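Student: Mind docking chain B on chain A? Use the hints.
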Amino acid sequence: MNLEQLQRAVFEVTRQPLTPSETMRTRLPDGRSVRDIANALIKPNDRMTSFERLQIYNQQYWFRILASFTEDFPGLLSLMGERKFEKLAIAFLNDCPSESFTLRNLGARLGSWLGDHPEHVAGVERVAIDMANLEWADIDAFDGPELPRFTPDNSGNLSGDTVFRLQPHLHLLNLAYPVDDLLFRIRGIDSRGETVSNAVLNFPRPSKIRRSSLPRPRKVHLAVYRLKDTVYFKRLTHDGFALLQALGQGKPLAKAIEVSMLRSRRSVDRVTELLREWFQNWATLGWFAQP
Amino acid sequence: MPANRFNGFQDYGVGIGLRVPHYQHIFKKKPVVDWFEIISENFMVGGGRPMEVLDQILERYRVVQHGVSMYFGSAEPLNREHLTRLKALVKRTRTPWLTDHLCWGSVDGRYTHDLVPMPYTFEAARKTARKIREARDFLEVPIAVENVSSYAEFHVSKMTEWEFLNEVVEDADCGILLDVNNIYVSSRNHDFDPYDYLNSVPAARVAQIHIAGHTKYQKLILDTHDHPVIDPVWALYARAIELAGPTATLLEWDDRIPSFDEVHREALKAKRYLPAQMREAS
Chain A
1 MNLEQLQRAV
11 FEVTRQPLTP
21 SETMRTRLPD
31 GRSVRDIANA
41 LIKPNDRMTS
51 FERLQIYNQQ
61 YWFRILASFT
71 EDFPGLLSLM
81 GERKFEKLAI
91 AFLNDCPSES
101 FTLRNLGARL
111 GSWLGDHPEH
121 VAGVERVAID
131 MANLEWADID
141 AFDGPELPRF
151 TPDNSGNLSG
161 DTVFRLQPHL
171 HLLNLAYPVD
181 DLLFRIRGID
191 SRGETVSNAV
201 LNFPRPSKIR
211 RSSLPRPRKV
221 HLAVYRLKDT
231 VYFKRLTHDG
241 FALLQALGQG
251 KPLAKAIEVS
261 MLRSRRSVDR
271 VTELLREWFQ
281 NWATLGWFAQ
291 P
Chain B
1001 MPANRFNGFQ
1011 DYGVGIGLRV
1021 PHYQHIFKKK
1031 PVVDWFEIIS
1041 ENFMVGGGRP
1051 MEVLDQILER
1061 YRVVQHGVSM
1071 YFGSAEPLNR
1081 EHLTRLKALV
1091 KRTRTPWLTD
1101 HLCWGSVDGR
1111 YTHDLVPMPY
1121 TFEAARKTAR
1131 KIREARDFLE
1141 VPIAVENVSS
1151 YAEFHVSKMT
1161 EWEFLNEVVE
1171 DADCGILLDV
1181 NNIYVSSRNH
1191 DFDPYDYLNS
1201 VPAARVAQIH
1211 IAGHTKYQKL
1221 ILDTHDHPVI
1231 DPVWALYARA
1241 IELAGPTATL
1251 LEWDDRIPSF
1261 DEVHREALKA
1271 KRYLPAQMRE
1281 AS
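Going line by line, the protein sequences match chains A and B.
Counted the way the numbering used here counts, the first sequence spans residues 1 to 291.
Counted the way the numbering used here counts, the second sequence spans residues 1001 to 1282.
Just chain A, with the same shape it has in the complex:
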């Protein structure tokens, strides 16, 4: 057995989910005996069998990634309750093992995975997906890259053909539920006002949210971004959100304005005034990178 074969064999076993009593499973999904595999690979000693020694790595794998995942998604944990959350986490991490050298990216695919596997969030599908997307945006905005900023001072050369670049740490979320409020509630943060800092050093351990206290569905257009090392959530109007989305898709300024204003019944003067206000505000918040 060469190095590559040995590592594949060990990883295949150690990434198998643990039993409910947190021990190593005795069979792989294809029916092969894990005890036989362990005996073939690992030396026993006078205190531990080959199976027990391999089990340590199986347990460490799951304890580590589950701890990291749980720390990243306290809102979803609170929404689902510990038992369902753990089941969901194991299923997700089994389907989507880490493909990054850092545990930070463990939950990057959670939102889309939940969309494909709604059975894990049955009864609260949309609010759970919204929460997963919000918590991932929060993680990514915290330490995502920031490009040199576009400021109102460099606006001299702007035209309708100008293509804006949004900062990579800015996430635009189209939510069906006000999960930003819910997350602040879970974290014990007062969310009054339209922009709220998310800078908290220690979160209390979340308890399960009662089904009856879940928010009612309400469309929220949310920007999650970083300013001076702090992550903020800011609610946007439908038109403002659509404009930013169009800019984020690489549409030139004139086209983006056209797309976003399609349903607007405002006067040209009012639209011009709004645009000036928005762009001034968004540039101040550092959402634009230099074109």
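Since the hints were derived computationally from the structure, they do not count as laboratory data.
Where hints are given, some of them may not hold.
[Claimed, not checked] Below, computed lysine-lysine pairings styled on DSS-like, alpha-carbon distance capped at 25 Å:
1) Lys228(A) x Lys1091(B)
2) Lys228(A) x Lys1271(B)
3) Lys1271(B) x Lys1029(B)
4) Lys43(A) x Lys1216(B)
5) Lys228(A) x Lys1219(B)
[Claimed, not checked] Derived Cβ-Cβ restraints for the label pairs, each shown as a range:
6) Gly123(A) x Leu1083(B): 27 to 35 Å
7) Lys1030(B) x Ser267(A): 46 to 54 Å
8) Arg64(A) x Ala1088(B): 24 to 32 Å
9) Glu1140(B) x Lys228(A): 44 to 52 Å
10) Arg1080(B) x Lys228(A): 30 to 38 Å
11) Phe63(A) x Thr1160(B): 55 to 63 Å
12) Lys1028(B) x Asn2(A): 50 to 58 Å
13) Lys228(A) x Lys1030(B): 20 to 28 Å
14) Phe63(A) x Glu1052(B): 42 to 50 Å
15) Arg165(A) x Thr1160(B): 36 to 44 Å
16) Ser1200(B) x Arg35(A): 47 to 55 Å
17) Arg1080(B) x Asp116(A): 27 to 35 Å
Remember, it's a predicted structure, so these values are computed and weren't measured experimentally.
Even for Gly, the Cβ is constructed at its ideal location relative to N, Cα and C.
Tutor: This is chain B only, laid out in the frame that chain A set:
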């Protein structure tokens, strides 16, 4: 011996790991610390608070980078994105040397986030050494590899762990981050004499030493980094200093982390093992 080509000819003294619970204390009290070891992966991000913290630390302190996911021993090639980000961080910190583990932990681009022991074979030694050389050439900084603590041994192994370590570092012509706690933990888990290991380490290649605490269970010892260093590990440290000379030393304390002062006090116990004239000077 303390300053050699594997640690950029630097004599760094006794440092501690930079950990989040200590940030406020460090920024407020500005304690005198010989150097901080940072976990490279924690700062291989685009920006934000982690980089702000790092820049503040770099203004006042010397920093050495320690990685946890290069996986020199994985059969697959080095991750180029990882290397590129790491190089940017090396330029930022100006780390005089860089360390990571002599282990594997990724397969087909999927990560265990664990430090899995190597099969001690000549094939594994050759492949691992090649990856260390590639990384060093790309990063343009001396590399030292750390012996890991382990809980399993493979049937395919053809040599002892220390023979394997020798094979790899000679072939790669790299340094060693000698973790004396890991030697102790593995010696208890695999029933060998830790001094057999220590005495066979090529002392001239030791760039840095790690000390740490661990947890003893009924059937094994786990390398938990959540306790003070025990006397048998200090004894191994004393022998390592005897062999390699005073060497940059770092206390690891990663779980149930006590106050900054307590961690620093524990680390500074290492100075007891310096030759008398150096103790007086420090």
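Student: Decide, hint by hint, whether the structure agrees.
Tutor: Each hint, compared with the structure:
The hinted pair formed by Lys228(A) and Lys1091(B) meets the criterion: a straight-line CA distance of about 23 Å does not exceed 25 Å. A hinted pair counts as satisfied when its Cα atoms are at most 25 Å apart, and Lys228(A) with Lys1271(B) does not qualify at roughly 40 Å. Of the pairs offered as hints, the one joining Lys1271(B) and Lys1029(B) holds, with about 23 Å between alpha carbons and a cut-off of 25 Å not exceeded. The hinted pair formed by Lys43(A) and Lys1216(B) meets the criterion: a straight-line CA distance of about 21 Å does not exceed 25 Å.
Note on Lys228(A) and Lys1219(B): the hinted pairing is violated, with a Cα-Cα distance of about 50 Å set against a maximum of 25 Å. Taking the beta carbon of each, Gly123(A) and Leu1083(B) are about 45 Å apart, not inside 27 to 35 Å as hinted. Distance hint check: the CB atoms of Lys1030(B) and Ser267(A) are about 59 Å apart, inconsistent with the given range 46 to 54 Å. Roughly 26 Å separates the CB atoms of Arg64(A) and Ala1088(B), a value that falls within the hinted 24 to 32 Å.
As the Cβ distance of Glu1140(B) to Lys228(A) is approximately 34 Å, the hint placing it in 44 to 52 Å is violated. For Arg1080(B) paired with Lys228(A), a C-beta distance near 33 Å keeps the hint of 30 to 38 Å intact. Hint check: Phe63(A) to Thr1160(B), Cβ distance near 29 Å, so the stated range 55 to 63 Å is violated. Range check, Lys1028(B) to Asn2(A): about 54 Å between beta-carbon atoms, so the 50 to 58 Å window is met.
A C-beta distance of roughly 22 Å is found between Lys228(A) and Lys1030(B), which places it inside the suggested range of 20 to 28 Å. Checked against the given bound of 42 to 50 Å, the beta carbons of Phe63(A) and Glu1052(B), roughly 31 Å apart, lie outside it. Under the hint 36 to 44 Å, the C-beta atoms of Arg165(A) and Thr1160(B), about 56 Å apart, miss the expected range. A hinted range of 47 to 55 Å for the beta carbons of Ser1200(B) and Arg35(A) is inconsistent with their spacing of about 35 Å.
The beta-carbon spacing between Arg1080(B) and Asp116(A), approximately 30 Å, falls within the hinted interval of 27 to 35 Å.
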